[in-house]
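Peer 1: Assembly of the complex is requested from the two constituent chains, each provided in isolation within its own frame, with the hints serving as guidance.
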Amino acid sequence: MTLAQQVLSGDRLALTRLLTQVENDSPEGRAALADLFPHTGRAQLIGVTGAPGTGKSSLVNQLALHVRKTQNKRVAIVAVDPSSPFTGGAVLGDRVRMRDLSGDSGVFIRSMASRGSLGGLAQATATLTQVFDAAGYDLILIETVGAGQSEVDVARLAHTTIVVEAPGLGDDIQAIKAGILEIADILVVNKADRPGVENTEKALRSTLELAHPTGRVYRHHGQYVPVAASVSLSDNDEGGDSSLKQSTQSDTSLWIPPILRTISTDGTGIAEVVEAIERHVAHLRQSGDWTARERARLESELEALIEAALMSRFREDVSTEKYDEVLERVLSRKLSPSEAVKLLTNGTRV
Amino acid sequence: MADKKTRPEQWRKIRVLVAKPGLDGHDRGAKVVARALRDAGMEVIYTGLRQTPEMIAEAALQEDVDVVGLSILSGAHMALAPRIMELLKANGQTDVKVFIGGIVPDEDIPRLKEVGITGVYGPGASTEDIVKDIRAAVSNG
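Just so you know, the protein sequences line up as chains P and H, in that order.
Position in the first sequence (first residue = 1) + 18 = the working numbering.
Position in the second sequence (first residue = 1) + 88 = the working numbering.
Only chain H is shown next, with the shape it has when bound in the complex (with noise of 0.2 Å):
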């Protein structure tokens, strides 16, 4: 029988937010994920360039997502994700998982995981990856 359940636009959704912060204008990496997100399911607010970690923290909050996804190419990651899980946990939003795409070297990586990034992602990671690990990160709490 047609429950409305069984039909996909119905199932639970997780929401991500996809943000460029800073002042790096390129975006095409963004669109991408965006796009294989929106196919796996997931509902992307796409906030587009040039945001600051406080307009990034306020949109994670009106909109309530599960996941913050950024895209930072211009190396300014380790100024920028302590600042804005600074702001997601001030604002009370300690359950949001968030993932940065971009240029990161690996030696940086073990500090980002520490301020409480959930997963890093270099060029040619697969968007078959990101989607598993943002629904394994979601379902696990």
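So that you can see chain P by itself, here it is in the shape it has in the complex (with noise of 0.2 Å):
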């Protein structure tokens, strides 16, 4: 049996050491992708991303406790964390907060590096998703730090995005960050029995909103999306009008992204994380949205390989020797940098 066929029978040994020839992008890990890709598709990727210290591995953990519980789904945990620019090595730690998960055969938990990529992390992960996808996994979680745009390049990954908020983490400041708080689907503020909880809330809906005057404004995934004026944007509202919001969402294709508490150690407020990732999943699904987000998700795909391709094939026609001296003369400003891709690309087919 191949190494492909192996992960398709359910070998778990093949499973975890395929994850580690993707994860290099060795030879057998690509032929063995080729192989497994007619078999991915179905399952369902989840991105939960946020600064440190705000809870993600623990609310990942709650998450996934909570559907092994309620759905018959197995789940895969893929928890990235950062490298060191300078010796290349890494402590990943989020498997600590996941110990109630150990001894459940339906969960598998890998930890990953960011190994110095920056698009390459999205490239990367994306490869394990579709390994676990082959293997049968219905469920994946991607969490990651939300500290840069390679971050927001593996949400884009997932079919619905967690950003994760915490009170009394420099919230304004946090809140500000809206390229992070854009490609949120659900926001959840985190250990919400901590002070500072409304006003964490309050900065999140305010980043969000965009006073307008003849009615209100929301930004979601760089577009401006109308609101009517009467609607509710809070989850929160004990009196509010849920059916209203619900009928608004299923009526028009228009996600609002709900702001959620949580907290994570006891598992307050999970159930309603669970039942709204739902929710955005039906809205993909009724809208057309989760076929153009796979669409695009592949797109960004193809293009991370074809870059690659093309810098390997460029590296293969230009010596060393060239390349080097051509750098020579940029760094004595005999040469910019633009007349030098010139030089080298020059009389290579690209």
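Hints are computed from structural coordinates only; laboratory data are not their basis.
Beta carbons are placed, not taken as given, at the ideal position from N, Cα and C, and that holds for glycine.
Honestly, I wouldn't trust all of these hints.
Label-pair ranges, simulated between beta-carbon atoms [said to hold, decoys possible]:
#1 P:L31 - H:V120: 25 to 33 Å
#2 P:F55 - H:E202: 45 to 53 Å
#3 H:K201 - P:D43: 49 to 57 Å
#4 H:V120 - P:R313: 47 to 55 Å
#5 P:Y341 - H:M166: 52 to 60 Å
#6 H:D115 - P:D335: 46 to 54 Å
#7 P:H84 - H:V120: 31 to 39 Å
#8 P:L345 - H:A224: 32 to 40 Å
Away from chain P, derived, C-beta distances all over 10 Å, residues of chain H [what the hints assert, rightly or not]:
#9 R116
#10 E131
#11 S162
#12 N228
Peer 2: Okay, structure coming up:
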């Protein structure tokens, strides 16, 4: 049996070894991925991101526990932590928060180091999720640190992205990072038993909402979506008209990211998050967004692979000596970078 | 030329599981080693305290580690080590190298080596030695 066939037959040793091959981008890994690709497309991908200290790992732990208890779905967790850019090493400690999941054969937790790559991180994570998808995991949770563009790229990988905040972490400043918040399909204020939770919620809401003279406008995924002034944007309004919210979301193709409170250490609010994920998936399918996101996902993967292939070809065609010589000329200001590129790519079949 | 493989982050990684089996709660040594291994360019999966042998073997499998480092200061090494070796083997992870750091009397070391433990380190062992030994053990396959 090939490695791919072993993975499809449920061999966990083969699965873990293939994950390593794929992470290292080995020829064996690539061959297996090609064999497994027809078996992908079933799994639901959920991204969980947010600043350090917000309790993401505990939240992921609780989400997985809840899904395992209430649904018969197999869960894979990819937990990404940063590598040291100087030593190349990493301490991957997310498993510490996920002890409750040990002993459950329907759960697979894999820790990944970012390995210094920026756009490449999303690519590596994408291939790992493809392996889990083909191996039959129904739900794949991807946890990353929301510190920059690479995490936004990883979030594009997921069908549903959860951004986690917590009170007392310089909220107003965090909330200003609109780029991260805009990718959120669901916002979670974790550690909701801490003081300041209302302020955190307010800061989040004000970053997302734009006041507009004739109505309110909601920013989501780079689009400005008008919302009727009468529609409640808060899931936490006790007396709120939830039926209005529900019907608004299925009548129009409008998704309003709910802001939910959780205490991940004791499971408070987790059932509501899982329910919000389900509503989001239903919305994606109804609105046709699911297919659009799949398309965007695969398109960015294709582009990343094309870029890597072209770069490899360039390195094969241009000698290190020539490259270094041109670099020296740029360094001594005899040549500008764009002229250098013309020189280096001239005559190279790209 | 800046080939991606010349940057430290892109070199082949040695993945090490650092775990504290049993009930002993002193983890400073384990954390010191974890950081030293990270500084040596390895990827350390740190699982923390109160790990059962089953949890350790399960983590070793899911993370496809090259090395398992056990921190044992409770004296329970003679019970824990064989059990963990047994579970690793049962999962098919026969190539994983297992090291023990902590409080282990000299007279127990031969028996531990017999059950397959690659190295034992007492208090005062240098992290440079541990790093060197791990690299040697992994490259010798």
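Peer 1: Against each hint, give a clear statement of whether it holds in the structure.
Peer 2: Hint-by-hint comparison with the structure:
1. P:L31 - H:V120: 25 to 33 Å: The hinted range 25 to 33 Å holds for P:L31 and H:V120, with Cβ atoms some 32 Å apart.
2. P:F55 - H:E202: 45 to 53 Å: Since P:F55 and H:E202 have Cβ atoms about 46 Å apart, the given range 45 to 53 Å holds.
3. H:K201 - P:D43: 49 to 57 Å: Given range 49 to 57 Å: violated, Cβ gap about 37 Å.
4. H:V120 - P:R313: 47 to 55 Å: holds, 49 Å
5. P:Y341 - H:M166: 52 to 60 Å: holds, 58 Å
6. H:D115 - P:D335: 46 to 54 Å: Check passed, 52 Å falls within 46 to 54 Å.
7. P:H84 - H:V120: 31 to 39 Å: holds, 36 Å
8. P:L345 - H:A224: 32 to 40 Å: Holds, since P:L345 and H:A224 (Cβ atoms, about 37 Å apart) stay within the stated range.
9. R116: holds, 15 Å
10. E131: violated, 5 Å
11. S162: The claim holds: H:S162 sits with its nearest Cβ about 19 Å from chain P, beyond 10 Å.
12. N228: Given that every Cβ of chain P is farther than 10 Å from that of H:N228, nearest at about 19 Å, it holds.
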